Amino acid sequence: MAEFRTCPDTGFKIDLNADKLIKWNAVTAVVFLLIGGLFGLLVALTRWPAVHLLDADLFYLALTAHGLDVLLVWCIFFEIALLYFTSAILLNARMVFPKIAWIGYWMMLIGALITNVAVLRGDSSVMFTSYPPMMAAQDFYLGIILFAVGALLGCLVFFATLHVARKEKTYEGSIPLVTFGAMTAAIIAVFTILSGAIILVPTWFWSLGLLSHIDTIMYRVIWWGMGHSSQQVNVAAQIACWYAIAAILFGAKPLSEKVSRTAFLLYILFLQLASAHHLLVDPGLSSEYKIFNTSYALYLAVLGSMIHGLTVPGAIEAAQRKKGLNKGLFEWLTKAPWGNPVFAGMALSVVLFGFLGGISGVMMGTEQLNLITHNTIYVPGHFHGTVVVGTTLTFMAISYWIVPTLWQKELVFPGLAKWQPYLFGIGMGLAATFMMGAGTLGVPRRHWDMTFADSAMGFDFPAAANLMMGLNGVAAVMGSIGAAIFILNMVGTILWGKAKVPAAAAPAEEAPAEPNVTGAATSYGSAGTMEVPGTFVLAMIFLVSFVLYYFVNWKYLSSVWGLS
Amino acid sequence: MGIFPPPQRVWWNQPIEKSEVMWITIAFIWALVMFFMMPYWHLVGEQNLSNEAYKIKPEVYAEKVETWAAKYTVREEGDTGIPVVRPPAGSDVYMLGRLWEWWPVLELEKGQSYRFHLSSLDWMHGWSLLPENINIQVHPNYEMIFTVKPTSSGEFGVICNEFCGIGHHTMVGKIHVVDK
Amino acid sequence: MSDFDTGPGGTDEKIPFMQQLLDSPLLLLVIGIVSPMVLYIVWGVMETIAIPLAQ
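Chains as they are written, first to last, in this note's numbering: chain A, 1 to 564; chain B, 1 to 180; chain C, 1 to 55.
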């Protein structure tokens with residue numbers, strides 16, 4: 001029934017249906033990254049006070065399109081590709097229901113196009129969040145619903161493939177850790193899509209005139225069950241990619257299957273609760289509800305993230321030390337392949353996601369601290385620290401391995417690829433930092449003119465706020481150049497890349513370790529010996545920064561007007 | 001390796017490496033500290049948003065605010081035609097958000113506590129008090145009530161930081177805080 | 001894989017409960033949907049409904 005080929009690089013058995021679906025989903029994702037990225041550049045250039053590029057109506061249109069195309073469309077198309085890769089290919093299994101996977105693909109694509117057309121028409125500039133009672137054209141909601149149902153079909157195919165692979169015994173024992181991470185992403189995705197359906201279907205009816213009223217608090221509660229959880233899908237998928245890259249490049253084994261999988265279990269149980277981050281200064285919800293949910297139940301999902309933050313670099317350190325890079329605390333790190341974009345992108349994303357996205361997210365997700373950040377540009381600063389320099393950078397990094405491997409082609413611009421993760425990661429990392437800086441001065445998000453020139457009363461921001469929004473623009477241009485190089489490299493490789501010389505004859509593979517070579521890595525169960533001292537030191541540096549930043553913000557909160 | 005199934009049939013009983021155990025312990029303690037900071041601040045902190053709220057029709061809220069404003073208006077704000085309302089120290093104060101203004105302008109006394117009422121007459125708005133940087137989500141059909149105690153005097157801006165249409169960036173209000 | 005380690009008890013060794021749970025995607029799927037559905041969505045919607053009318 002299913003036809004297979006064998007991957008010459010990895011030895012994996014590849015179902016041809018999965019092969020084709022992964023390629024189509026990944027390429028579509030990159031196209032939407034291009035579209036959404038361009039809108040993002042326009043937004044950044046408009047918020048640069050000295051440039052102020054677009055008019056107000058076009059700015060709000062571009063901002064709506066930017067949010068939709070990158071937060072939703074780019075990430076989820078890429079994640080569907082990852083789901084098929086981590087199920088069918090990593091399990092050497094046949095893909096179940098390829099026809100349904102194709103229906104899902106086309107629903108997602110058509111849905112994304114419908115919503116984009118609605119936005120570009122100019123009558124649906126309601127932002128990604130589309131809060132009622134502001135109403136978009138009905139096809140705006142319809143497109144998102146179609147897209148979500150398509151993605152749900154993708155998740156269904158993933159779970160069915162897992163199930164059948166197990167029944168047909170295509171692997172022994174448990175599924176690989178990377179597949180387990182992808183499964184975590186898929187589980188959160190199903191919750192995400194269900195929440196979306198619960199709220200967007202009635203909202204669509206409302207836009208058709210079939211319902212008279214949508215309650216705004218209820219909308220925000222349920223919508224964020226989708227809006228925030230969809231970003232948690234990204235987190236889980238990105239961490240699965242980190243483990244995959246550690247394995248592919250270094251032959252690294254997880255320090256402990258038990259610990260890493262339990263950390264993913266904490267995600268499955270609690271990560272979605274963080275949707276409450278958005279509701280902390282909304283009327284009528286109790287503090288019990290806010291505190292329990294915003295803290296992911298005692299910060300157990302944050303604990304999960306902090307575990308991954310140790311075990312991913314820890315696995316690499318252990319593998320490197322096994323190879324003899326044992327000098328001092330950090331030889332394993334300094335002698336890592338920093339010129340290989342797969343590693344550089346992943347390493348940068350681990351650091352930037354933790355320091356920029358992670359710490360800021362926990363800070364502003366604190367019930368009271370949210371008062372001094374809610375709806376300021378600190379919020380986009382935070383999620384550019386997660387979705388851009390975390391997820392997007394990780395997806396770029398793994399693309400430098402997936403695309404040449406699946407297509408069996410050489411990268412067209414290997415020289416540019418070396419620099420690309422730094423250009424994009426540092427550029428967008430700075431953009432996130434400047435946005436957070438401006439946000440602490442109260443600069444609003446989703447705002448066309450922070451000089452309030454057309455306003456009867458006006459308000460003057462300090463010069464530092466304007467400066468930081470200007471620097472944000474410069475940094476965003478740098479990041480955009482990085483993104484453009486990535487897209488050029490991927491599209492160029494797929495269209496014009498030279499066919500790879502069969503792996504056996506290739507003199508030097510870019511990746512030092514072949515994924516099908518086992519034994520180069522650490523063994524389990526070395527309890528009692530401190531195997532990863534370098535990683536532990538780095539983790540402690542992270543923790544100290546986290547603690548300091550967290551309490552600095554409490555200090556800042558204690559200086560504002562009293563509220564009770 | 002992470003991309004292959006674990007090499008053992010039973011991996012749950014494998015011992016855990018020491019630095020992992022230490023890190024998990026430290027991280028869990030930190031998680032508890034962060035969790036208990038929130039209830040702790042409810043007990044000792046001065047900045048906690050009350051969750052008191054009521055369902056209300058926008059026209060009913062508008063009438064309430066207008067009646068109240070008429071009673072305590074002291075002057076107009078410059079040449080804007082917008083009233084400046086100075087309620088008795090420690091009493092109820094009202095503000096409403098609508099396309100695209102925060103109405104009316106308030107004059108409060110430093111160090112006094114006021115019961116602050118806030119709602120929207122049309123779309124969602126974001127009440128952002130600057131340069132204090134206190135931010136609250138304002139819904140139509142819901143009146144929220146919280147206690148505000150200005151601890152500094154001067155002129156404060158109130159801008160909108162929830163997107164509310166094409167004039168969103170012109171939506172600016174004001175609160176004066178005077179020393180007694 | 002030929003070097004698959006079946007453990008000291010061979011294939012008879014009982015698989016611990018937690019590992020069985022982590023090896024059950026569909027069970028995890030159910031837990032991952034029900035947990036936030038109850039703790040976040042249902043609780044939140046109930047609180048919204050409970051907001052009283054203004055006097």
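Simulated from the structure, these hints should not be mistaken for lab results. On a predicted model such as this, the values are computed, not experimentally measured, just so you know. By construction, the Cβ of each residue, glycine as well, lies at the ideal position given by its N, Cα and C atoms. Please note that a few of the clues may not be correct.
[As the list claims (entries may be wrong)] Here are a few chain C residues that face chain A, going by a calculated C-beta distance under 10 Å: (1) Asp23; (2) Pro36; (3) Trp43; (4) Val45; (5) Ile49.
[Said to hold, decoys possible] Simulated crosslink set (DSS-like; lysine-lysine; CA at most 27 Å straight-line): (6) A/Lys409 x A/Lys498; (7) B/Lys71 x B/Lys18; (8) A/Lys169 x A/Lys99; (9) B/Lys57 x B/Lys71; (10) A/Lys323 x B/Lys110; (11) B/Lys71 x A/Lys555; (12) A/Lys409 x A/Lys500; (13) A/Lys167 x C/Lys14; (14) B/Lys71 x B/Lys180; (15) B/Lys18 x C/Lys14; (16) A/Lys20 x A/Lys498; (17) A/Lys335 x A/Lys418; (18) B/Lys18 x A/Lys327; (19) A/Lys409 x A/Lys13; (20) A/Lys500 x A/Lys418; (21) A/Lys322 x B/Lys18; (22) A/Lys23 x A/Lys498; (23) A/Lys555 x A/Lys498; (24) A/Lys13 x A/Lys500; (25) A/Lys13 x A/Lys23; (26) A/Lys418 x A/Lys23; (27) A/Lys500 x A/Lys20; (28) A/Lys169 x C/Lys14; (29) A/Lys555 x B/Lys149; (30) A/Lys335 x B/Lys18; (31) B/Lys64 x B/Lys18; (32) B/Lys180 x B/Lys149.
Hint consistency between A/Lys167 and C/Lys14 [alpha-carbon to alpha-carbon, up to 27 Å]
Given pair A/Lys167, C/Lys14 holds - Cα atoms ~20 Å apart, limit 27 Å.
Point to revise | Straight-line alpha-carbon gap A/Lys500 to A/Lys418, limit 27 Å | key: Status holds; Cα separation ~19 Å.
Worksheet entry | Hint validity - C/Trp43 Cβ closer than 10 Å to any chain A Cβ | holds (6 Å)
### Message
Can you confirm whether the C-alpha distance between A/Lys322 and B/Lys18 stays at or below 27 Å?
### Response
holds (17 Å)
Worksheet entry | Restraint outcome when C/Val45 is required to lie within 10 Å of chain A by C-beta distance | holds (6 Å)
Margin query: Hint check: A/Lys418 vs A/Lys23, CA-CA at most 27 Å. Holds or violated?
Written below: Distance ~23 Å between A/Lys418 and A/Lys23 Cα, so the pair holds.
- May I ask you to test the interface hint for C/Ile49 with respect to chain A, counting a Cβ-Cβ separation under 10 Å as satisfied? Given a least distance of 8 Å, the restraint on C/Ile49 holds.
**OP:** Take the C-alpha atoms of A/Lys13 and A/Lys500, compute the straight-line distance between them, and say whether it is at most 27 Å.
**Re:** Judged against 27 Å, a Cα distance of about 18 Å means the pair holds.
(Q) Interface hint check: C/Pro36, Cβ to nearest Cβ on chain A, cutoff 10 Å. Holds or violated? (A) Since chain A brings a Cβ to about 4 Å from C/Pro36, closer than 10 Å, the hint holds.
Margin query: For a C-alpha distance cap of 27 Å, please report whether A/Lys23 and A/Lys498 respect it.
Written below: Holds - the C-alpha atoms of A/Lys498 and A/Lys23 are around 17 Å apart, at most 27 Å.
Keeping to a limit of 27 Å between CA atoms, is the pair of A/Lys409 and A/Lys500 held or broken?
holds (5 Å)
Notebook entry, point to check: Given the proposed pairing of A/Lys555 with A/Lys498, does the C-alpha separation stay at or below 27 Å?
Noted result: violated (58 Å)
The structure is inconsistent with the numbered hints 7, 10, 11, 23 and 31, although it conforms to all the rest.
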